[in-house]
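Asks: Residues per chain, in single letters:
4 protein chains.
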Amino acid sequence: MCRWIVYLGDTVPLEQYVTAPSHSLVVQSVRALESTASTNGDGFGLGWYGAHPEPGLYHEVRPAWSDENLRYLCRHIHSHLYFAHVRASTGTPITRPNCHPFACGTWLFMHNGVIGNWSRMRRMTEALIPDSLYGSRVGTTDSEAVFLAILGAGGDTDPVGATARVLATLTDMASAGGISSPTGAISMPFATPPTIMRTRSISGNPAAMSWSSPSRSIPSAPSGRPFHPGAPCWRSPGSRSALSRSFAKAVSRRSDLPLACCSWRRVLIRAS
Amino acid sequence: MCRWIVYLGDTVPLEQYVTAPSHSLVVQSVRALESTASTNGDGFGLGWYGAHPEPGLYHEVRPAWSDENLRYLCRHIHSHLYFAHVRASTGTPITRPNCHPFACGTWLFMHNGVIGNWSRMRRMTEALIPDSLYGSRVGTTDSEAVFLAILGAGGDTDPVGATARVLATLTDMASAGGISSPTGAISMPFATPPTIMRTRSISGNPAAMSWSSPSRSIPSAPSGRPFHPGAPCWRSPGSRSALSRSFAKAVSRRSDLPLACCSWRRVLIRAS
Amino acid sequence: MCRWIVYLGDTVPLEQYVTAPSHSLVVQSVRALESTASTNGDGFGLGWYGAHPEPGLYHEVRPAWSDENLRYLCRHIHSHLYFAHVRASTGTPITRPNCHPFACGTWLFMHNGVIGNWSRMRRMTEALIPDSLYGSRVGTTDSEAVFLAILGAGGDTDPVGATARVLATLTDMASAGGISSPTGAISMPFATPPTIMRTRSISGNPAAMSWSSPSRSIPSAPSGRPFHPGAPCWRSPGSRSALSRSFAKAVSRRSDLPLACCSWRRVLIRAS
Amino acid sequence: MCRWIVYLGDTVPLEQYVTAPSHSLVVQSVRALESTASTNGDGFGLGWYGAHPEPGLYHEVRPAWSDENLRYLCRHIHSHLYFAHVRASTGTPITRPNCHPFACGTWLFMHNGVIGNWSRMRRMTEALIPDSLYGSRVGTTDSEAVFLAILGAGGDTDPVGATARVLATLTDMASAGGISSPTGAISMPFATPPTIMRTRSISGNPAAMSWSSPSRSIPSAPSGRPFHPGAPCWRSPGSRSALSRSFAKAVSRRSDLPLACCSWRRVLIRAS
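Protein chains in written order, with numbering that gives the first Met the number 0: chain C, 0 to 271; chain B, 0 to 271; chain W, 0 to 271; chain L, 0 to 271.
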């Protein structure tokens, strides 16, 4: 399983959560104790919003823990909304274009989970990408294909609906082909300022998706309540996501957290 | 334009043509004077046949000229049939899976040239790859797609016919879509021992393909005449290919050449 | 020969000179037409000053022209003082720690040129680095050794004097050992805000060094005159440096240049 | 702690121990369960003897587990004597020249362990390298410095004595400087055919070194007894080394093992 952080809040250097804390994402990438993968050493990536309308990207095939560039970049790049991802490949090659997050126009996307039976689902999924976006498929992952399919299904104007439609289509196609559980447990944050969305679905069930459209007057939470450690990061009626336990320990040492961040393990979706 | 060597002959260390000579492929990769690209620094690759039935592969995204591993490998790996390729990307990313040569089963393939209008031709070309081979598409290049399409069209039993069919199909599809000159000038060696083939086509014209099925009792040329420097490497009725001029200079210093090798520039197809 | 840019001026995205222009440093790295090296593909680096007191660094062993990260970073990182460098190795390995610029504390340094007879000069040069700074020698280049020797000779408080002393010492040691022209033509910018210095020396002659301590109220030149294209970038009594010819062409298309930038070729030191 | 294998025996493809078994060195590099390091993902290397008098080398900064090249190379390269090493850095950068094994002339060397207080011991150790070998110092590790110091102390003709002298000198210098336990537990195989040596010392005590000079008529053990799984690999009077427990499990499934191989954990030196 991959691990990731989404940060939304005051403009801060990325190091505050990615590289500096004792339970930073990078530290977690080495000692992936709670993970089914023993390590998250199959490349990593950053995506962030700054002065330019399109997000910045940094992808590297080396493990995050030994990349000196990453420490410098996380110290010097400041952002109010960024993604960070450490990869544990489920089979596609370790190349930069296969590292998360993915960008298309002003959108950023990353993914934890796997499209099951990808060898059988691959062509069906790629077929959902419209011609106008197929040139943006620079890698070979399931994640990038789903991202472009969602954008192609209207994700730029209706991200929740488009995601639901794509996941439903994948589920239907899989059923028709006798392929089981194609979308398994999927966790997919994606964003274009000032909108951010995180979906979690199980077997394509779109009810579990959460959605937020925070004003830039963060630290208000989308629902109007301030973010604080351990509290939901994004919310929609009937769902909430909590911080990962290990990350929460690092986070709980800080009392000033207008943040929305999340690493994968122990991200719970509970009825409130 | 990429550059490549195919070697077929006595078992020798790869360094004999790839790294050691003053006009070696690696030296050519730095000073690409006769090329339209100023350098061939967009990754490189080796493919070779040895004791194992499937060929070995070595791909690297760094330029060939600064890769210390390459010098050691070319000194220690011996082969009677190998491919070497230095890449000048025509747009697809610099990743290992996008480096030539490509392998599938016992087949090796590499490519010089470009499928014109690749952004419009890509889906059509990928659609020619049968499901059974689509899992072997690990990169995103035009070259790999054409290779798998040829294998899918029966390339393992009828490589000349399959290549002709695929190129014709691409030409037809392009015409139907109003896309001009899709296959331009293509030079594609591919091999499975004891068979080796080199095609050169212009705008999909398959008449220019050459084909050989040498016995292992090389240095006899496929036609029964011995290989010698400057002579045709592969031949079929009505066509012959000469060595590149710059490579021929290096080659002509050696009088013991039971080889079939070729770098791209100045590869001439002449009626004999 | 390596190529480099130093920028000092208004805070701008790095892309303005590194990646975007038609004669950008990255474009120059591919087609090194005026260079003795045919290409500058042996790694590259960025160093920049921002909110953090210590500079940021980005080093990569791949050529600058094919690094997708570089385009994103240069678009998103803004700085009023940065270094960019494309390397043509003179023999030391292509590793990240051997890529310029080098940083130590708040200092940045890069180098064009070569310490001649480095195999014989290496131990002498390394011996000039004090124990307290030897831990900062993370690579194996002549450039880094000279940088640390200068800092060890008091470079942080008297950079001009320290540079002169180190170059003189190297020249003397070389003479004593019967080694000719150890320092050849050296071009070394180094900086700690608000101080920036560029030295050019021939055979260790320190008279050719230029020095500036610009106020932050750039675009005034250190001497009080505004920077403009083709004008001296840094100056000290008796010397001035002009832009490289090829870079000047790109620069001269822009009329808004509060910059101090320089690429190596055709950097002239003339008595004013 | 790093992990390594030395193989000495019949000529076999490297994959037999490096990549193919379920407890291969590469598998161990991901799940370093018995190690103090959680992973051995800081680069890796191969060194092997073949037709050429000097050994071949392959170094890579990516983790061994995700390097596709490694699988192909281990399948196609055959050797009767090879080294393989997966690195867990103790502080020096992740660069190819810092990856083990190291080669100098016909010698191969690798190292597990660390020179304690390296920041204080570094200059002393480097000072032991004679000028004639200092050009071979292409990286910055403690391991390479010790290797070159041993060769400089006569290691090519008297490897046991030279190793003892260098370790003793380091211990003395450390004592004089008030530095504790400089050489800690060191495990260093090095070889030039037909000689192979493995040392293990604790705090510089050279009594624990083992040494062998096998004839090429392996599988005889140096002492005249055949190698077999679980038996000592190298031996000298009063010491023997057993296979690592985890590796022995893989090995014990094979009954045809004229090998001398070893991975680090649980390598025991016991009085026989």
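Note that these hints are calculated values from the structure, not bench results.
For glycine and all other residues, C-beta sits at the position ideal for the given N, C-alpha and C.
Incorrect hints may appear among the rest.
As the list claims (entries may be wrong) - One-sided excerpt, in silico: chain C residues whose CB lies under 8 Å from chain B:
1. P92
2. R95
3. P129
4. S131
5. Y133
6. V137
7. G160
8. R164
9. T168
Asks: It remains to establish, for every hint, whether it holds in the given structure.
Replies: The hints, checked one at a time:
The interface hint given for P92(C) holds, since its Cβ lies 5 Å from the closest Cβ of chain B, which is under the 8 Å cut-off. With a cut of 8 Å, the hint placing R95(C) at the interface with chain B holds, because the nearest CB-to-CB distance is about 7 Å. Because the smallest distance between the Cβ of P129(C) and any Cβ of chain B comes to about 11 Å, over 8 Å, the interface hint for this residue is violated. The beta carbon of S131(C) is not positioned within 8 Å of any beta carbon in chain B (closest approach about 11 Å), and the interface hint is therefore violated.
Hint status for Y133(C): holds, given a least beta-carbon distance of 6 Å to chain B, under 8 Å. Nearest Cβ of chain B to the Cβ of V137(C): about 6 Å, under the 8 Å cut. The hint holds. Of the supplied interface hints, the one on G160(C) is violated, with its beta-carbon coming no nearer than about 26 Å to a beta-carbon of chain B, more than 8 Å. Nearest Cβ of chain B to the Cβ of R164(C): about 22 Å, over the 8 Å cut. The hint is violated.
Hint status for T168(C): violated, given a least beta-carbon distance of 19 Å to chain B, over 8 Å.
Of the numbered hints stated above, those contradicted by the structure are hints 3, 4, 7, 8, 9, listed in ascending order.
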